[in-house]
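Q: Each chain, letter by letter, is given below.
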Amino acid sequence: MIKPETITALGERFPAVRFSEFRDQHRAAVPAAELAEVFGFVKDTQGFDLLVDVTCVDYLNFRDAEDRFGLVYLLANTVTNERLTLRVYLNEPNLTVPSATAFWKGANWFEREVYDMFGIEFAGHPDLRRILMPDEFTAFPLRKDYPLQGRGERHNFPVLTREES
Amino acid sequence: MAIEIPENVVVSRLDSLASWCRKNSLWPMPFATACCGIELMATGASKHDLARFGAEVMRFSPRQCDLMIVAGRVVMKMLPVLQRIWQQMHEPKWCISMGACASTGGVFDTYSVVQGIDRFIPVDMYVPGCPPRPEQLIQAIIDLQDKIQAEGTIGGREFAMRSRQEPKRALVELNVLSLPRGVSNLPQGVRVE
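Sequence order for the protein chains is A and B.
Read in this note's numbering, the first sequence has 43 at position 43, and its numbers run on one by one without any break.
Counting the second sequence from 1 gives a position; this note's numbering is that position plus 1000.
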């Protein structure tokens, strides 16, 4: 649920933002260039003080999809109970967006997870390392062009036998 | 010249005696990563009472254990830890692969889950089930006791036998259907970029 004034204010401040609605849930598709300004606006002016989650969708081979990646920010206003979804569409090779850690501290690990799984770079992130996969892992496993069973990484280890252990 | 043996003396082999001692005081090392670990805890608790088989003392330091029970799926980030713990355990030591995930990867045929720990460490007993009942784990421990009694030697000569080291099934990675063109039939462990 979101107040109409919030939508209006965001639309007036950023004319390039496209809005859509599905079952009372409002989404705002933001151009990547304006993302940092939108973060500051919705947090400081509109009071969206909680970043619920940051995640990503790979639209490779998805029907009617125009862009490769859809980055999703789920925001909440804990005072008015408003909720807003920000979406940023990205295409290779420009997979860098500004980090949200300057606005919400909790974005730190969310963005590390999105980087780990999809390879999207967050400029200005204080500690952009892999969070789930081992450090020596080189692929981004949740991309649709990555095979489900991996490329042999899971069995790339030395074998211990009885003799040597 | 015959030796006179009193009636209260029993003659045995030293290997047999040592194995008899070992099999009745197994000290399990619980390597529990998933739901099989819950069944492992139930096995050690009072209802199923692993103490009847002399294996109730679970220690969380590998240096005090001689039976590693791998309960649950092992992912590629965990495997170096598993191998390190296995190497830290003292001989003689045995390993039980508990449940479908530890034995074969189970339903988790994905990029990060190791498809059976026996690819990387030696395994003595496999327990099927998802997760296995405590009775199944107890049966595996009983079978392991029989194995220790039957082939255990004081010097651990059975561990040097070739038949013990050869894998029991073909450790070949199945062909991945969705690999990019030209890189099918990869050798095991090769990383492609």
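Keep in mind the hints are simulated off the structure, nothing from the lab.
All values reported here derive from a predicted model rather than from experimental measurement.
We put the beta carbon where it would ideally sit given N, CA and C, even for glycine.
Hints may contain errors.
[As the list claims (entries may be wrong)] Which bits of chain A does chain B cover? Going by a derived footprint, with three or more residues having C-beta under 8 Å, they are:
#1 110 to 120
#2 151 to 158
[Unchecked claim] Below, a list of computed lysine-lysine pairs in the DSSO-like style, where the Cα atoms sit at most 30 Å apart:
#3 A/Lys-144 <-> B/Lys-1077
#4 A/Lys-3 <-> A/Lys-144
#5 B/Lys-1077 <-> A/Lys-105
[What the hints assert, rightly or not] Looking from chain B toward chain A, a few residues come up when the C-beta cut is under 8 Å (computed):
#6 Leu-1079
#7 Gln-1083
#8 Trp-1086
#9 Tyr-1111
Q: Each hint should be assessed against the structure and marked as holding or not.
A: The hints, checked one at a time:
Coverage of the stretch 110 to 120 of chain A by chain B is violated in this model, with 0 residues showing a Cβ closer than 8 Å to a Cβ of that chain against a need of three. Against chain B, the stretch 151 to 158 of chain A contributes 8 residues with a C-beta closer than 8 Å to a partner C-beta. That satisfies the three-residue criterion, and the hint holds. For the hint pairing A/Lys-144 with B/Lys-1077, the CA-to-CA distance comes to about 22 Å; that is within 30 Å, so the pair holds. With a C-alpha separation of about 36 Å, the suggested pairing of A/Lys-3 with A/Lys-144 is violated against the 30 Å cut-off.
For the hint pairing B/Lys-1077 with A/Lys-105, the CA-to-CA distance comes to about 27 Å; that is within 30 Å, so the pair holds. A cut of 8 Å between beta carbons decides the hint on B/Leu-1079: the least distance to chain A is about 6 Å, and the hint holds. Checking B/Gln-1083 against chain A by beta carbon gives a least distance of about 6 Å; that is within 8 Å, so the hint holds. Hint on B/Trp-1086 holds. Least Cβ distance to chain A is approximately 6 Å, under the 8 Å limit.
Annotation: interface hint on B/Tyr-1111 holds; nearest CB of chain A at approximately 3 Å, less than 8 Å.
Taken one by one, the earlier hints fail for this structure at numbers 1 and 4, listed in ascending order.
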